Amino acid sequence: MADQYYDPKDLRKFGKITEWSEELGTKFFDYYSTVFEEGALTAREKSLIALAVAHTEQCPYCIDAYTKDGLQKGITKEEMMEAVHVGAAIKSGATLVHGVMMMNKVNKLDG
Amino acid sequence: MNMGATKSLQKSENELADANRQLEILSNGIFQNGELPTFARKIKESNQFPLRPRTLEILQINVGYMCNQVCDHCHVDAGPDRKEIMTWETMELCLEVIRNTGAHTLDLTGGAPEMNPHFRRFVEEASKAGIKDFIVRSNLTIIRANKKYYDLPEFFKKHNVHVISSMPHWTKGKTDKQRGDGVFDKSIKALQDLNAIGYGMPDSDLRLDLVYNPSGAFLPGDQASMEKDFKKALLEDFGIQFHNLFAITNLPIARFLDYLIASENYEDYMYQLVEAYNPTAVANVMCTNTISISWDGWLYDCDFNQMLGLKVNSKVKHISEYNEKVLNNRDIVISQHCYGCTAGAGSSCQGTVT
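In order, the protein sequence lines correspond to chains A and B.
Each residue of the first sequence is one higher than the one before, counting from 11 in the working numbering.
Each residue of the second sequence is one higher than the one before, counting from 759 in the working numbering.
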């Protein structure tokens, strides 16, 4: 085991996942590459969504990959930061909206 | 990426000003210990070694390394402090070749080719040779650099020159970071000047293409998508039109190599290039249909080999002894920088190659 859980070089080995389960690995990568093709959304829009989700998932590999992907697509740092804020807003909103549950419970028990 | 360069590597006495040192770096480390395959080994795997020329289509002439800009990524290490300039005597030898070549495209590059004192006379003479596509690679800011260059758009039009210009991004911030403060505004003005006389307009024969190359240690995105984004932004924001966008990969040589090493991105970048290796691109790389001629008349497989001092592997090595038939029977000189032209959709001075 490496002396740290995350190693940036491991991202290069992602494709090797297939070696231990070829069928599932291949299906995953086929699905993955199809998802990111131009469709109703542009590849650029998909890249920004992926970047925002990478942050809410706090996945260092994904942040690494989709920051680079954004640069390759000509996405500016301002656009990337706005996408990250969208993720952050949903994440914090998702926390805060549960406050309604708390309010409901307080009202029921002590209203 | 922003080193704020104001001097060439040569003027700064940087060790990378020595092409042999660059070639050493490109052959050592991850390529020496077998972590990554050398380019020769890689093309052997797809039976494409040795790399051989196809029919000659493009004569690319570098008329000098002097430039009004000092761009961070420049593979030529060009700048105002570079004094290598093609003489009229060498230009006359080039003209003789241009009049007799089978190539359909003449491609003038630099530095800023317009800074060569014989540039206009050379263009006037060369345009008489009847070459189908006559390209000048203009950095745009030269047109606004000094009054003596203000009429360049008209001069280009008069000689039916196809203008190809670098434009790293449609935003000021990214452009100026790579090419220097004020470059974006001057480039926009120059593009508007070119548009005003017909260059780049949808139905115009006056060709105006833009070159995009990434501002940092990453590969260019899809050329067609980038072109769409560039066209939309430049038209909406500045009313500018152009024909095609060429997405070019930065090759790990000269200033870009210096940047990769200084920013500790070198190994990752080489991994990116090798992982994106595309055998289909190998068959069409520009060294297979181009001859590059340096300011002092030496012959190379491409402008990148020129900067690395890798002359053609042929009996004929200089414009003074030019012979197309002999030259076309040669093995192309390769090293690890060649991965830059075979990554993804491939890369050349005319954009992708697949």
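Please note: incorrect hints may appear among the correct ones.
Mimicking DSS-like on lysine-lysine, the simulated pairs with C-alpha atoms at most 30 angstroms apart in a straight line are [unchecked claim]:
(1) B/K932 / A/K78
(2) B/K930 / A/K78
(3) A/K19 / B/K930
(4) B/K765 / A/K87
(5) B/K947 / A/K56
(6) A/K87 / B/K802
(7) A/K56 / B/K802
(8) B/K802 / A/K23
From chain A, some residues computed to sit far from chain B (all C-beta separations above 12 angstroms) [claimed, not checked]:
(9) L21
(10) K37
(11) F39
(12) Y41
(13) L81
(14) G103
Taking beta-carbon pairs under 10 angstroms as the criterion, some of the chain B residues facing chain A (in silico) [stated by the list, open to error]:
(15) P972
(16) S983
(17) Y1024
I should point out that these hints are in silico values taken from the structure, not numbers from a laboratory.
Remember, predicted model here, so these are calculated numbers, not experimental data.
By construction, the Cβ of each residue, glycine as well, lies at the ideal position given by its N, Cα and C atoms.
Results of checking the hints against the structure:
no., hint, result
1, B/K932 / A/K78, "15 angstroms, holds"
2, B/K930 / A/K78, "20 angstroms, holds"
3, A/K19 / B/K930, "34 angstroms, violated"
4, B/K765 / A/K87, "28 angstroms, holds"
5, B/K947 / A/K56, "33 angstroms, violated"
6, A/K87 / B/K802, "40 angstroms, violated"
7, A/K56 / B/K802, "37 angstroms, violated"
8, B/K802 / A/K23, "24 angstroms, holds"
9, L21, "10 angstroms, violated"
10, K37, "22 angstroms, holds"
11, F39, "14 angstroms, holds"
12, Y41, "20 angstroms, holds"
13, L81, "5 angstroms, violated"
14, G103, "30 angstroms, holds"
15, P972, "7 angstroms, holds"
16, S983, "6 angstroms, holds"
17, Y1024, "14 angstroms, violated"
The structure shown violates the earlier hints numbered 3, 5, 6, 7, 9, 13, 17.
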